[in-house]
Amino acid sequence: MAKMKALICRECGKEYPTKAIHVCELCFGPLEVKYNYEEIKQTISRKKIESGPHSMWRYIDLLPVEGAPSVGPHAGFTPMVRAKNLGAFLGLDELYIKNDTVNHPTLSFKDRVVAVALTRARELGFETVACASTGNLANSVAAHAAAAGMRCYVFIPGDLEAAKVLGNLIYKPNVVEVEGNYDDVNRLCSEIAGEHKWAFVNINIRPYYAEGSKTLAFETVEQLGWRAPDQAVIPMASGSLLTKIKKGLQEMETLGLIGKVKTKINGAQAEGCSPISTAFKEGRDFFRPVKPKTIAKSLAIGNPADGYYALKATAETGGAMDMVSDEEVVEGIKLLAQTEGIFAETAGGVTIGVLQKLVKQGIIKKGDVTVAYITGNGLKTQEAVIDAVGRPVRIQPSLVNFEKTFKMGKNGGGDA
Amino acid sequence: MPSLRFHIRFPEQKIKEPIIYQIGHEYKVVTNVRRADVRETTGWMDVELTGETGEIERAVEGLRKKGVLVDPIELNVVE
Ligand SMILES: Cc1ncc(COP(=O)(O)O)c(C=O)c1O
Ligand SMILES: [Zn+2]
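Which chain is which? The protein sequence lines are A and B, in order.
Count along the first sequence from 1, then add 5; that gives the number in the numbering used here.
Count along the second sequence from 1, then add 23; that gives the number in the numbering used here.
Just chain A, same shape as in the assembly (with noise of 0.2 Å):
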């Protein structure tokens, strides 16, 4: 028997071949991906998954692909930067930071997702992929699509910045540029998916896609020694990010790899589009979608597909949601890169923000063995902090001139 079962609904259980389906025909919900975790228990165990490869792909036995990789064979496996300085700084005994920032080859924690997107999409017989996206899954998509030789289209709304614009540009997909507002760009592509035999990762491909987050779970799992963290802190867009974290936590104790799991499964937004954490902070089950507004703009879904699941995925582990505002984010951004020479996108800025707060609320606590999830490279959003970083230091070419300005005395030097 294979590992994976079926797809399966979330909301009426109902079961499904393992194809490009991702709505429930019968009552619309949407179908994730079920595994046969009693055979998967025979074969796996630590030794097994710490003698394969330095890359998220020592995890294939938990993804949902039947061959070998095919696509994206070196995503994942970033570093887990124990966070002495952030740490002292928050006055947190243990804080790691899952450093995806450094992921290969589009430097965001997207190239797992895309990496199994993919791969799954050719053993389906696709030779189109596609998606819908404002930055960090196009860029991964396209990368990946040129280095698979796959026809690739993706979509973008009209009024993107030049730089995440060139970020496609460069690996020559078919980059469509819609007009029309955010909502048009959503419906006719969730149409266009329907009507097209391609592989739209973020649709037709969700169930498959979504699986491959669990494996920041799974590395932070095994790069903390086997054992799982007190608490985990996640940035949220679409929420699937989250949910998956907490899935593949689960899977760990289920397949007998680690203990009973007690982590708290915490989650970040930004002020301007906080959906979810909106709704976790006034005690709903249901989110009210928004217009987002905020420079976090990879986290700017205001009608968040996973928004529910998020929720439960919270509530269930006795976990909290918090946001930030924009300037937080900023300073959430340099306090990651002068404490721990790491330099976020704005989404990273979020979840240090979000982190910052909830030590300062004492929901995480000095004690806590705590784990922050940066996602994204800050080289891809300059824009947010160019303006909050101040100038180079000019001076004339002469020791003297630099003497005086940096008040250097006999043992080296001061700041200017």
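Any given hint might turn out to be false.
Said to hold, decoys possible - No farther apart than 20 Å at their CA atoms in a straight line, the calculated lysine to any residue pairs in the SDA-like style are these:
1. B:K88 - A:M9
2. A:K286 - B:R87
3. A:K296 - B:S26
4. A:K202 - B:R58
5. A:K202 - B:M24
6. A:K19 - A:K39
7. A:K339 - A:F407
8. A:K296 - B:W67
9. B:K89 - A:K286
10. A:K296 - B:E71
11. B:K89 - A:D188
12. A:K296 - B:L98
13. A:K267 - A:Q387
14. A:K19 - B:E71
15. A:K19 - B:R57
16. A:K19 - B:P25
17. A:K252 - A:W231
18. A:K202 - B:S26
19. A:K296 - B:G66
20. B:K89 - B:E71
21. A:K317 - B:W67
22. A:K317 - B:R58
23. A:K296 - B:R58
24. A:K19 - A:M9
25. B:K89 - A:K317
26. A:K317 - B:E71
27. B:K88 - A:G367
28. B:K88 - A:K317
I should point out that these hints are in silico values taken from the structure, not numbers from a laboratory.
Given the coordinates of chain A, work out where chain B with the ligands should sit on it, guided by the hints.
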């Protein structure tokens, strides 16, 4: 005959109106509600509209004119 699936939301003041019934009468589309959650102050339905493509689009416009919000069944797909 094409079918399209939508997630529609009702603002509080529209919850009591028989909007789905009206749409089925005003446009040549068959409406089929598959899942719904209607409470006192909020409500949504996952619904399938079957008909000619142009007529479905007119029905969606009609729904919007009546003040309900219409999204793809997948919600936001741009991420
Ligand atoms: C850098 C970054 N972090 C986090 C997310 C959130 O992912 P999700 O949509 O799974 O909640 C995204 C993408 O949407 C992203 O680009
Ligand atoms: Zn169902």
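Are there hints from earlier that the structure breaks, and if so, what are their numbers?
1, 2, 3, 4, 7, 9, 10, 13, 16, 23, 25, 26, 27, 28
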